[in-house]
Amino acid sequence: MMNMIRADMYRIIRGKGMYITFAVLIVLNILVIGQGLHVGINYGYMQDSVGVEAPNLYNSWHSAATVLYNNMNSIIFFLLPIVIMSAGAMFANRTVKNDIAWGMSRTRLYLSKLLLAVGLSVILVVFYMLSGMIIAIILRGFDGSVPSGYWQNLFQTVGSQLLVMLGATSLGIFMVFTFKRSSAVIAAYIALCLIPSMIIMMLSETVAPGIIRLMDFDLMFSIVRLGSFSQLDTHVILSALGVGAAYIAVCTIGGIALFKRAEIK
Amino acid sequence: MSILKTQNLTKRYGGRPAVDNVSLTVEKGDIFGLIGQNGAGKTTFMRLITSLSRPDSGEISLFGETEPARLTAARTRMGSVIEAPALFENLTAVQNLEYYRIQRGIADKSRVDEALKTVSLTDTGKKKFKNFSLGMRQRLGLAVAILSNPDFLILDEPTNGLDPTGIIEMRDLIRRLSEEGITLLVSSHLLSELAQVANKYAIIHNGRLLKSLTQEELQEECKQALSITVDDVDRAAVILETVLGVSNYKQVSGSELRVYDKISDPSEVTFRLSQEGIRVAAIKEVGDSLEDYYTKTIGGAE
Chain A
1 MMNMIRADMY
11 RIIRGKGMYI
21 TFAVLIVLNI
31 LVIGQGLHVG
41 INYGYMQDSV
51 GVEAPNLYNS
61 WHSAATVLYN
71 NMNSIIFFLL
81 PIVIMSAGAM
91 FANRTVKNDI
101 AWGMSRTRLY
111 LSKLLLAVGL
121 SVILVVFYML
131 SGMIIAIILR
141 GFDGSVPSGY
151 WQNLFQTVGS
161 QLLVMLGATS
171 LGIFMVFTFK
181 RSSAVIAAYI
191 ALCLIPSMII
201 MMLSETVAPG
211 IIRLMDFDLM
221 FSIVRLGSFS
231 QLDTHVILSA
241 LGVGAAYIAV
251 CTIGGIALFK
261 RAEIK
Chain B
1 MSILKTQNLT
11 KRYGGRPAVD
21 NVSLTVEKGD
31 IFGLIGQNGA
41 GKTTFMRLIT
51 SLSRPDSGEI
61 SLFGETEPAR
71 LTAARTRMGS
81 VIEAPALFEN
91 LTAVQNLEYY
101 RIQRGIADKS
111 RVDEALKTVS
121 LTDTGKKKFK
131 NFSLGMRQRL
141 GLAVAILSNP
151 DFLILDEPTN
161 GLDPTGIIEM
171 RDLIRRLSEE
181 GITLLVSSHL
191 LSELAQVANK
201 YAIIHNGRLL
211 KSLTQEELQE
221 ECKQALSITV
231 DDVDRAAVIL
241 ETVLGVSNYK
251 QVSGSELRVY
261 DKISDPSEVT
271 FRLSQEGIRV
281 AAIKEVGDSL
291 EDYYTKTIGG
301 AE
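First to last, the sequence lines map onto chains A and B. Our numbering puts the first sequence at residues 1 to 265. Our numbering puts the second sequence at residues 1 to 302.
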């Protein structure tokens, strides 16, 4: 399995996709940190629903972390190129048949692609945070001091958000192995990330207010919520983390089961 | 020793059998030709062997292994190019091979150059796979298949789309790989094409295995001969040998002899035999061309 991951890294490094993804991420960070843009955040809703205060826009380099946490949900879309580079390429180029015909078990093939995508997702999130902080330091200067508990909060927040992000990565890999076509994966992934929360919010405001509880199972909402990690109750944190873990487990088990039965074209 | 053995292998699509109870054996050292029209079931059969499709019933034994996990492991001793070669379009020939070298855990980096040299693709430089011609694609696909020094190679219509020079080169390559000790299963819709390289053949039609034969049996089937039907084959044989100087002949039944030596004037045979009091019931040229034989075989199945 490690050989498979190493081979895919060899291929990815020689492609343009990874570099373009990271370059776009830097541009997004420059916009978010530099211009104070907030992508995809509804602070009013955050305040109303979970009692979280909108972040104080930063006046020092370390305040940028709060902005980065709260924009983490936009990073979920950067996982798309990651899963397509990791697993989609083998379906797009139809090289999957070389791997299966050579005697690679379907379970190992699936897991190797998932592990690769998970690894790249971790790198992506770390890069997002680091590049954001560096941009903030460049813009605001580095005074060396941080509030007490700053680093602990940073690791807890990003760590918990990362777990939910990996749920999204698992979902993406599941979609790649199920649909096999990148265009279908992109459409389904974006739809599944955006549409359920929109429908739930719309219905909760018009038809049944109680339906808002379903937001607890939404990946995007879980990531946004965990952005205020230090202000959340333990059960809210566990619930959000449970969503990520459930996505990882269900998508991986379901994806392997489906792929084991699939015809390889 | 059998490399591949299938027993009653069956695969259906929408109720229609694409491979129907196919049982065949490929022995070590064989160049086994699988012949059939487009849609006959050759590719489906190969897809079942390589695990790209799951059989509905039947058994596959590869290097003696039949248990699923061991069968999967046995496939690492196999190389294959099924349908069109598929490689990463944005990588060069060397990069594609390097990818598979790493993936298959081949420590010897020189295998990449060796495989490229074997298929005569050492000079493609920075040209990416997407810019390769059909012939180059076929050859690079074959290079990937032989990269891990397989014992068994499955090639699905390797000469498809190649120009005459490419076909000759591919044929030479198949012979060379066989001389290196690789057992091959090669499919084609042209018997005449396979007849130049294979030593065993199986004719498949509508998913069913119609005939399995060796090169000698095929030659026998397609041999041009003069068939003579007489009332006394023993005496006729003596006359053929002593009077007409025939040495290459065979008695195929109680009343028929087949003469494989070239006889320019068949009426001379009739005359001599009649002169010796042997009644000649029939005399005719027999034997098919490869294509006639193939057409007759599949025609008889319809």
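Everything labelled a hint here was simulated from the structure, so no lab data went into it. All residues carry an ideal CB built from backbone N, CA and C; glycine is no exception. Accuracy of the hints is not assured; some may be wrong.
Computed list of chain B residues with no C-beta within reach of chain A, every gap over 12 Å [stated by the list, open to error]:
1) E83
2) P85
3) E291
Here are the computed lysine to any residue pairs in the SDA-like style, where the Cα-Cα straight-line distance is at most 25 Å [said to hold, decoys possible]:
4) K127(B) with A92(A)
5) K260(A) with P266(B)
6) K109(B) with R261(A)
7) K265(A) with L71(B)
8) K128(B) with K260(A)
9) K180(A) with T295(B)
10) K126(B) with S183(A)
11) K180(A) with G14(B)
12) K126(B) with K180(A)
13) K130(B) with S183(A)
14) K127(B) with M2(A)
15) K250(B) with S289(B)
16) K5(B) with R261(A)
17) K128(B) with E83(B)
18) K130(B) with R6(A)
19) K265(A) with K126(B)
20) K265(A) with S2(B)
21) K265(A) with K250(B)
22) K126(B) with F91(A)
23) K265(A) with Y13(B)
Status of the hints after comparison with the structure:
Interface exclusion of E83(B) from chain A breaks down, the closest Cβ pair being 8 Å apart, not more than 12 Å. Under the 12 Å C-beta cut-off, the non-interface status given to P85(B) relative to chain A is violated; the minimum distance is some 9 Å. For E291(B), the shortest C-beta to C-beta distance to chain A comes to about 31 Å, beyond the 12 Å cut-off, and the non-interface label holds. At most 25 Å may separate the alpha-carbon atoms for a hinted pair to count; K127(B) and A92(A) meet this at roughly 20 Å.
For the hint pairing K260(A) with P266(B), the CA-to-CA distance comes to about 65 Å; that exceeds 25 Å, so the pair is violated. For the hint pairing K109(B) with R261(A), the CA-to-CA distance comes to about 35 Å; that exceeds 25 Å, so the pair is violated. Using a Cα cut-off of 25 Å, the hinted pair K265(A) and L71(B) holds, with the two alpha carbons roughly 21 Å apart. A hinted pair counts as satisfied when its Cα atoms are at most 25 Å apart, and K128(B) with K260(A) does not qualify at roughly 32 Å.
Taking the CA atoms of K180(A) and T295(B), the gap is near 40 Å; set against the 25 Å cutoff, the hint is violated. For a cut-off of 25 Å, the pair hint linking K126(B) to S183(A) is broken: about 29 Å separates their Cα positions. This hinted pair checks out: K180(A) and G14(B) have alpha carbons roughly 22 Å apart, not beyond 25 Å. As the CA atoms of K126(B) and K180(A) are separated by approximately 29 Å, the hinted pair breaks the 25 Å bound.
Among the hinted pairs, K130(B) with S183(A) is consistent with the structure: their alpha-carbon atoms are about 20 Å apart, no more than 25 Å. Note on K127(B) and M2(A): the hinted pairing is violated, with a Cα-Cα distance of about 29 Å set against a maximum of 25 Å. Between K250(B) and S289(B), the direct Cα distance comes to roughly 20 Å. Compliance with the 25 Å bound is thereby established for this hinted pair. The suggested pairing of K5(B) with R261(A) holds, with an alpha-carbon distance near 23 Å, which does not exceed 25 Å.
As the CA atoms of K128(B) and E83(B) are separated by approximately 20 Å, the hinted pair is consistent with the 25 Å bound. The suggested pairing of K130(B) with R6(A) holds, with an alpha-carbon distance near 23 Å, which does not exceed 25 Å. As the CA atoms of K265(A) and K126(B) are separated by approximately 28 Å, the hinted pair breaks the 25 Å bound. Distance restraint check for K265(A) and S2(B): the Cα-Cα separation of roughly 28 Å exceeds the 25 Å cut-off, and the hinted pair is therefore not satisfied.
Annotation: proposed proximity of K265(A) to K250(B) is violated, straight-line Cα distance about 50 Å (limit 25 Å). At roughly 24 Å between alpha-carbon atoms, K126(B) and F91(A) fall within 25 Å of each other, so this suggested pair holds. Taken as a hint, the K265(A) and Y13(B) pair is honoured in the structure, with Cα atoms around 14 Å apart against an allowance of 25 Å.
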